[in-house]
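*Asks:* Sequence:
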Amino acid sequence: MEVQVRILGIDPGLRLCGYACLEVDGNTENLIEAGVIRIRADLPLETRLNQIAEDIQTILERFKPQIVAVEELYSHYAHPRTAILMGHARGVILQKTAAAGVQVKSFSATRIKKSLTGNGRASKEQVQRTIQTLLALPQVPEPPDVADAIAAALCCATTMTHIVDTHTGQSAY
Numbered sequence: 006m007e008v009q010v011r012i013l014g015i016d017p018g019l020r021l022c023g024y025a026c027l028e029v030d031g032n033t034e035n036l037i038e039a040g041v042i043r044i045r046a047d048l049p050l051e052t053r054l055n056q057i058a059e060d061i062q063t064i065l066e067r068f069k070p071q072i073v074a075v076e077e078l079y080s081h082y083a084h085p086r087t088a089i090l091m092g093h094a095r096g097v098i099l100q101k102t103a104a105a106g107v108q109v110k111s112f113s114a115t116r117i118k119k120s121l122t123g124n125g126r127a128s129k130e131q132v133q134r135t136i137q138t139l140l141a142l143p144q145v146p147e148p149p150d151v152a153d154a155i156a157a158a159l160c161c162a163t164t165m166t167h168i169v170d171t172h173t174g175q176s177a178y
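Residue numbers (the numbering used here): 6 to 178.
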């Protein structure tokens with residue numbers, strides 16, 4: 006008997022933070038909801054981080070996932086400040102997820118793209134079209150932050166073998 010598992014994919018960001026909730030039952034993935042947390046760029050960093058924390062907590066409480074799939078940060082040597090700032094957002098997300106007792110799986114962008122398209126260097130458009138096809142969506146997921154969150158959740162679904170509820174210790178899959 007297959008066990009239904011709920012996966013929340015998150016694409017961390019300080020202006021747009023994508024999220025997507027998938028239900029996985031065997032080899033079937035159903036998109037429950039996908040969207041973005043919009044954060045005003047003119048707010049102080051600590052205010053933006055607090056908004057992300059509050060919104061992620063609300064999303065976790067609403068969807069009650071067994072696992073959260075988060076895209077790892079990529080740092081280009083020319084833009085180290087961006088990676089540091091994004092690390093703050095990712096840290097808030099990981100803290101709220103841990104506080105909720107939900108298991109976290111992190112995946113590099115390359116691994117996510119390869120799991121969906123077979124090409125770790127696929128374009129955003131290729132990933133969006135693949136998601137549209139896999140989930141039979143009427144249009145490609147927009148904005149790209151939403152597509153990235155869906156992609157993280159789908160990658161997790163294809164790689165998971167065993168999920169344990171960290172509060173109860175019970176196996177979910």
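The reader is advised that the hints may include incorrect statements.
The calculated EDC-like cross-link candidates involving lysine to aspartate or glutamate, where the alpha carbons are at most 20 Å apart (straight line), are [as the list claims (entries may be wrong)]:
id : residue 1 : residue 2
1  : K69       : E51
2  : K69       : D30
3  : K119      : E34
4  : K69       : E34
5  : K101      : E34
6  : K110      : E51
7  : K101      : E130
8  : K129      : D60
9  : K69       : E59
10 : K119      : E77
11 : K110      : E77
Read the hints as simulated data drawn from the structure, not as lab findings. Since the model is a prediction, treat every value here as computed from it, not as a measurement.
*Asks:* Could you run down the list of hints and mark each one as holding or not?
*Replies:* Comparing the hints with the structure gives:
no.: 1; hint: K69 x E51; result: violated, 26 Å
no.: 2; hint: K69 x D30; result: holds, 16 Å
no.: 3; hint: K119 x E34; result: holds, 18 Å
no.: 4; hint: K69 x E34; result: holds, 16 Å
no.: 5; hint: K101 x E34; result: violated, 25 Å
no.: 6; hint: K110 x E51; result: violated, 25 Å
no.: 7; hint: K101 x E130; result: violated, 31 Å
no.: 8; hint: K129 x D60; result: violated, 26 Å
no.: 9; hint: K69 x E59; result: holds, 15 Å
no.: 10; hint: K119 x E77; result: holds, 15 Å
no.: 11; hint: K110 x E77; result: holds, 9 Å
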